[in-house]
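S.K.: Sequence:
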Amino acid sequence: MRPGPLATAVALTVLIVGAAPVAGVARSWLQSALGPRFAVLLLGALACTVAAVLASAMYRRGRLSSARWARLVAALAVAAVWVGATGSADPAIRAVELVHFVEYGVITWAFVRVWQGRAGAWAYLPAGLAAFLAGIAEEAYQWWLPARVGELRDVWLNGVAIGCALLFSSGLVTPAPHRTPSVSSGPVVPVLARMVALVVCGLAAFVHVVHLGVRISDGPTTFVSRFTPAALAGAARDRAARWAVTPPLVRPARLSREDQYTTEGVQHVQARNAAWTNGDAVTAWHENRILEGAFAPVLDTPSYLSRSGHRWSPAQRAEAEARAGAAILEPFESAAFPYPLYVWPPAAVWGVALTAALACLWWSARGAA
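The opening residue of the sequence shown carries number 0 in numbering that gives the first Met the number 0; numbering runs sequentially from there.
One or more hints might be untrue.
To be verified - Derived Cβ-Cβ restraints for the label pairs, each shown as a range:
1. LEU254 - LEU353: 47 to 55 Å
2. ALA325 - TRP28: 47 to 55 Å
3. VAL208 - TRP28: 27 to 35 Å
4. GLU320 - LEU11: 53 to 61 Å
5. VAL80 - TYR338: 18 to 26 Å
6. LEU14 - PRO219: 18 to 26 Å
Keep in mind that the hints were calculated from the coordinates and are not lab data.
Values in this document were obtained by computation on a predicted structure and should not be read as measured data.
Cβ atoms here follow ideal geometry from the backbone N, Cα and C, with glycine treated the same way.
Please take these sequences and the hints and turn them into a complete structure.
M.R.: Take a look at the structure:
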């Protein structure tokens, strides 16, 4: 592994990941200015970028074999099909998701260069893992910021983008497999095992912070929160005291830390309001009960979202209860969260992760011996 390429790959990754909020602002501005043309122009720019990469590869390396062309086409097809099948119905958002593939293509290629001189084609294994670790870090960073979303689904999207990048890069420059060392020999095993250990621990940390929650029940009403009941009560007291002096009337800065308590409360507000608009009085009543019990400061405090707060009037609350009738006594579990929260014990998550990581490090020690 060469220090120069490694430093370059890490610096490039930090630059791309760190620039995500600024890129988001730029995309929003361009989309607002260009309207429907935004998606067309962005897709055109992506097509030109891919064409330029292919032209450069053919200029430097001559004609590509049919096998290499097959890998190139397969990588592009997988990216297009994946985004088309799992992405948003909005063409602009789908185009932005394809940009994600280009970003991780650059990151992956940078890490391939780190190991390729010593490991040949096997360099793609640690390179892919390094890029995937960067993808986990990016989603954690996105989760930390307000107005951004980081979740496990996006981590897997990064993984698909990295897989396409590896396939695309192999179509351009990977040596023939018979010219590369065996994965069971040389420096590949220690590096690969350590990278797997890092990825497993990084993924466990991400799941712990972003996706683990606690199931909280109050009679028939149940919801899952990142906070324990005691932590929710403490957060409610803290926000009530702070917001009485300085209510959150201004949208948080893009590079500030997101207030996860407020975010949870607003998600229940949105679920309550959507249910009420759709005529689902039962869900609206239960969501309002969750808000009154755990997120009262979100209901009562004027904010940049609503200058009058979000609390229902006594008349509206009584109307919801009358419409819902006896159904409010039936068990109800909130689905307000836009992505899954799991009630797995953190010790179990870390037990599995650390066991896997230690097994990888043992494999690494054997490979180095």
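S.K.: If a hint holds in the structure, say so; if it doesn't, say that too.
M.R.: Now for the hints, and whether the structure bears them out:
Separated by about 33 Å at the C-beta atoms, LEU254 and LEU353 break the suggested range of 47 to 55 Å. For ALA325 and TRP28, the hinted distance range of 47 to 55 Å is satisfied, since their beta carbons lie about 51 Å from each other. Range check, VAL208 to TRP28: about 31 Å between beta-carbon atoms, so the 27 to 35 Å window is met. Checking the proposed 53 to 61 Å range against GLU320 and LEU11 shows it holds: the Cβ atoms sit about 57 Å from each other.
A hinted range of 18 to 26 Å holds for the C-beta pair VAL80 and TYR338, which are about 23 Å apart. The hint said 18 to 26 Å for the Cβ distance between LEU14 and PRO219, and at roughly 51 Å that hint is violated.
Violated hints, listed in ascending order, are 1, 6; each of the other numbered hints is respected by the structure.
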